[in-house]
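Participant: Given chain A, work out where chain B should sit, using these hints.
Just so you know, the protein sequences line up as chains A and B, in that order.
Counted the way my numbering counts, the first sequence spans residues 375 to 515.
Counted the way my numbering counts, the second sequence spans residues 121 to 347.
Source of the hints: derived by calculation from the structure; they are not laboratory data.
There may be inaccurate statements among the hints.
Derived pair list, reagent style DSS-like, types lysine-lysine, alpha-carbon separation capped at 25 Å [stated by the list, open to error]:
no. : chain 1 : residue 1 : chain 2 : residue 2
1   : A       : K499      : B       : K241
2   : B       : K235      : A       : K499
3   : B       : K239      : A       : K451
4   : B       : K293      : B       : K259
5   : B       : K248      : B       : K198
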Amino acid sequence: MAAKKKSVRKSKKVGKKDLTIHFMPYSEIAKKNTIERIKKIMGLILDKKIIILQGKLKPDEEVRLIENSMTLIGNIKDFQGIEIAAISGESENVNLFHKIRHNIAKILIGEQDAITIIGPASIVKEITQDPKKIELMLQRK
Amino acid sequence: MKETLINLNSKGDYKMIKIIKNFARRLFSGFFKKRGEIKLGFYGSPNAGKTSLANRICQDWLGEDLGSVSRMPHETRKIQIKEDVILEKDGKKIEFKLIDTPGIATKIDFEDFMKFGLKRKEAQTRAKEATQGIIESIKWLDDMDAVIILIDSTLNPYSQVNITIIGNLVARKIPVLIVANKIDLKKSNVKKVQGAFPEYDVVGISAKNGDNIEEFYEGLFKLVKKI
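Chain A with its partners taken away, still in its complex shape:
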């Protein structure tokens, strides 16, 4: 009797030490309110994922995110907070018309020409930024 051939498919599971980067298009948070946005981001952070978000959070959302992560430090094992940095696509040498157009677009569809990186501090050692670039330094484990 011929032995039945089982097709064995090796599934790669994400290990604890693997690094996951989650790209989040702005559409994923566009219709969410502040609380829902923070919940979504914190959920991914606690899953030890680094988020690259298209766009920018509002200043009030950033501060709520910091507040929320502070309440979790000491209550969730190994959670040390977050690292966050945002870089805007805004150019310094633009005329008034361009600025007005940009501000109207910002009000209507949110600030999409920016990138925000958010990661758990236990993985992201440091994010350094200047107006034109962001550098991400990860912890060596």
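Facilitator: Relative to chain A, chain B alone:
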């Protein structure tokens, strides 16, 4: 996390309570507020020199300190207030209530405190207090009349904490003066701070030595006019 999610879900009610509380506070503070008293907040990252500058002002005008300073970050973990601080310039008197806030950070690792010689338990306690201090600092943002943002001029000014604090103050229409501190140190770069925040007044000082403090007071009087 579950607990946090539950808290977030009930945030609608929480927000309503907060609005009523804020209204009541503003109403009552309106009754009891001393005429001309300006609530001046000191904000910034840990170790930027907030307490050093608040102490400098208190020493210059009252002859006493407001709080203790240390090389170890998060030395200030509770809001510190000094009332009835009257500053005088060109015959004009302004009464301030100085509010020194704990440094805002996005992360806190208790092991960092152990590098300064604290034992594990002490470091954990300090970390817990520091997280609570940050939450308190954020809550006080709504209550300020004007804010001094302290930036360590020896470090990269493009930190998200600085940007987030300034963004929140602008959204609340609270006037801001940026102070680039530690100009007495070799690595200090006030121009870099000015370049990072070109829309704001930036004054370079050394809160520790009192360098350029007169220019700071001039900036402070200019700031008050914006309230």
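Participant: Each hint should be assessed against the structure and marked as holding or not.
Facilitator: Hint by hint, here is what the structure shows:
Simply put, K499(A) and K241(B) have alpha-carbon atoms about 24 Å apart, close enough for the 25 Å limit, and the pair holds. Using a Cα cut-off of 25 Å, the hinted pair K235(B) and K499(A) holds, with the two alpha carbons roughly 17 Å apart. A threshold of 25 Å between alpha carbons decides the hint, and for K239(B) with K451(A) the separation of about 19 Å falls inside it, so the pair holds. Of the pairs offered as hints, the one joining K293(B) and K259(B) holds, with about 16 Å between alpha carbons and a cut-off of 25 Å not exceeded.
For the hint linking K248(B) to K198(B), the alpha-carbon distance of about 12 Å falls within 25 Å, and the restraint holds.
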